[in-house]
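**Student:** The listed protein sequences derive, respectively, from chains F and C. First residue of the first sequence? That's 1 in my numbering, and the numbers climb one at a time after it. First residue of the second sequence? That's 400 in my numbering, and the numbers climb one at a time after it.
I should point out that these hints are in silico values taken from the structure, not numbers from a laboratory. This structure is a prediction, so every number in the text was calculated from the model and none was measured. One should not assume that every hint holds.
Restricting the straight-line Cα-Cα distance to at most 20 Å, the calculated cross-link-like pairs of lysine to aspartate or glutamate (EDC-like) are [what the hints assert, rightly or not]:
hint, chain 1, residue 1, chain 2, residue 2
1, F, Lys-342, C, Asp-447
2, C, Lys-443, F, Glu-334
3, F, Lys-327, C, Asp-447
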Amino acid sequence: MTINAYLRQDGRKGIRNIIVVAYLVECAHHVSREIVFPYRDQEVHLIGFPGCYPNEYAHRMMERLCTHPNVGAALLVSLGCEGFNKGDLIKTIRDSGRPVKLLGIQDTGGTRKTIAEGKAWIEQTRKQLENTPRADMGIDELSIGTICGGSDATSGLTANPAMGRAFDLLVERNATCVFEETGELIGMEHWMAERAATPELGKEIINTVAKAATYYSAMGYASFSPGNADGGLTTIEEKSLGAYAKSGQSSIKGIIKPGDVPLEGGLYLLDVVPDGDPKFGFPNISDNAEIAELIACGNHIVLFSTGRGSVVGSAISPVIKVCANPKTYQRLDEDMDVNAGKILEGGASLDDVGQEIYDLILRVSQGEKTCSEELGHQEFILTYKTFEPVGPACLPSAA
Amino acid sequence: MAFFQRTDDSGALYLAPGDNIAVATRELAAGNTVDIDDATIELKSTVDVGHKFAIHPISEGSRIVKYGAPIGIATADIAPGEYVHIHNLRSDYLPSYTLEPIEDQE
Numbered sequence: 001m002t003i004n005a006y007l008r009q010d011g012r013k014g015i016r017n018i019i020v021v022a023y024l025v026e027c028a029h030h031v032s033r034e035i036v037f038p039y040r041d042q043e044v045h046l047i048g049f050p051g052c053y054p055n056e057y058a059h060r061m062m063e064r065l066c067t068h069p070n071v072g073a074a075l076l077v078s079l080g081c082e083g084f085n086k087g088d089l090i091k092t093i094r095d096s097g098r099p100v101k102l103l104g105i106q107d108t109g110g111t112r113k114t115i116a117e118g119k120a121w122i123e124q125t126r127k128q129l130e131n132t133p134r135a136d137m138g139i140d141e142l143s144i145g146t147i148c149g150g151s152d153a154t155s156g157l158t159a160n161p162a163m164g165r166a167f168d169l170l171v172e173r174n175a176t177c178v179f180e181e182t183g184e185l186i187g188m189e190h191w192m193a194e195r196a197a198t199p200e201l202g203k204e205i206i207n208t209v210a211k212a213a214t215y216y217s218a219m220g221y222a223s224f225s226p227g228n229a230d231g232g233l234t235t236i237e238e239k240s241l242g243a244y245a246k247s248g249q250s251s252i253k254g255i256i257k258p259g260d261v262p263l264e265g266g267l268y269l270l271d272v273v274p275d276g277d278p279k280f281g282f283p284n285i286s287d288n289a290e291i292a293e294l295i296a297c298g299n300h301i302v303l304f305s306t307g308r309g310s311v312v313g314s315a316i317s318p319v320i321k322v323c324a325n326p327k328t329y330q331r332l333d334e335d336m337d338v339n340a341g342k343i344l345e346g347g348a349s350l351d352d353v354g355q356e357i358y359d360l361i362l363r364v365s366q367g368e369k370t371c372s373e374e375l376g377h378q379e380f381i382l383t384y385k386t387f388e389p390v391g392p393a394c395l396p397s398a399a
Numbered sequence: 400m401a402f403f404q405r406t407d408d409s410g411a412l413y414l415a416p417g418d419n420i421a422v423a424t425r426e427l428a429a430g431n432t433v434d435i436d437d438a439t440i441e442l443k444s445t446v447d448v449g450h451k452f453a454i455h456p457i458s459e460g461s462r463i464v465k466y467g468a469p470i471g472i473a474t475a476d477i478a479p480g481e482y483v484h485i486h487n488l489r490s491d492y493l494p495s496y497t498l499e500p501i502e503d504q505e
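Let the hints inform the model, and build the full structure from the sequences given.
**Tutor:** Structure follows, in C-alpha cells:
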C-alpha cells in the first residue's frame, strides 16, 4: 500500500495541499477570515495567533504549522505594529521552499485593499499548487496523533482502547504515533514508565506527569469538565485510565513537546504542560489547542475519540472522529467517522474497530475526506505558553 | 492493565479482578439484577451506560478500584448495587469540576 503524497521542496510528504492564511495578531483576524471565506471549501484554511506580545512557543508553533507537510503555501496577515517576528517566520517558510507572502494591513491601505490583495495571491498560488509534485509515501512515513475530547465513561471502554489497537498496528509498521495530555494521564505515570524504551526515559515520564499534577493543582482543578461527570466519569484518575488506553501497548520511544517533530517512527508522548511557574493559564484550554500542538509535531492525521460527542475538526490535518458511546452515535452520526460504541452492544471487538480505524487512516491518507472535513470544520486556537527544550533522556538517540 | 475484549448481554462489565465496581453497558433500571463475580447484585438506582455501581460493600475512606487500578476514595459507605459517582467518590489527586443540572426552562 502506498499513498500518493504531495512532495514538498524540503523533502517532507503531505496528504493534503493546503494554503494557510495566518493572522499574526487578533487585529488582523477579520481581514484574514474574509480572505479565506470564498475558498473555505478549497483547502484554504485560517490559522493565527491573537497576541500582540511575542511568545517563543507561539512563534515556533506558527513556524511548524506554516511548514507542515500538509501545507503547500502560507499567506501571513499582519496589522503592522504587533510584536510577532514576521521576518523570521517568512524566512523559515521561504527556506522550506513554500510560496509565502506577507500583507501588512496598515501598509496595504486598510481592510478592503488587503482582502483584495490577499484573494489575488490565493488565486495565483492555488494555480501554482496544482503543479505540486507527487511522490509515493509509505505507512512508515505517516505521523498520526491521538486525542480524546468530550470524554465519558465509555471513552475508555471502546474508542480509546480501539484507537490504541490502531496505534499498535501503525507502530508495528514503523509509523510515528503521538499521544498526549499528561494532565489526563495523572495516576498512569508508573505504568507508562514501565513501557519506556529506557529507564532514564521512564524517570522523565514520571517527572512529566508530576509537573502536570503540580500545574493543574495551581490552576485549581484537574483537566476534567462537567460533561465528563455527566457521562459517568468521577475522578481525574478514572478519566486518565480511559485516556491512557489511546496509547496502545507499544514501547514508548520518547517525550516530545509542541513543535518537536520525531525523526524516526515509534510511539511518543507529547507533553503539552508548560514548564516553569504557571503563567498563562490552563495547559489545554480546549481540545483544539491540543490538536494544533499535535499537528505542529508533524501529524498528518489526528484521531479524536469522544463519548459525549465532540464535532470539531481542524485546520491543516484531517481529524478522524471515533465515537465511544452508542447513544451519542445515534444522535451525532453525521459527525462521526467510526462507531466504536457498537463494541458495548456486542457488535464488534476492540480488534475489529482498531482495524477499522487503521483502514480508515489509510483511506484518508489517500484523499478520502473525514466527516469534519466534509462539514467544513477548521477549528484552530493558539495562545501563550512557555517551554524548555526536552532533556536528552527524552530522545530515542539516548537509547 | 488489560481491557475487556467482548461483552455479553448481562448489561454490566466487570473490568478486572479486584475491582469493587462494575460498569453498565446499557441503561440499567433500579431493581434490575446482574450476576457478577459469583454474586447477584440488585441495582438500588438506575445506572446509565458507562456509569458504575458497587459490586462489593465499600467502606468510607477505602479505595474504589476500576480496571484493577484505584480511581479515588469512597466518601461514604457504599453497599453493593449502589450507584458510584461524585456523591460518594473523590479523587486522590485533584478535585473534579462539575455543574448542577440546568432546571427545566419551559
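**Student:** Which of the stated hints cannot be reconciled with the structure, identified by number in ascending sequence?
**Tutor:** Violated hint (a single one): 2; every other hint is consistent with the structure.
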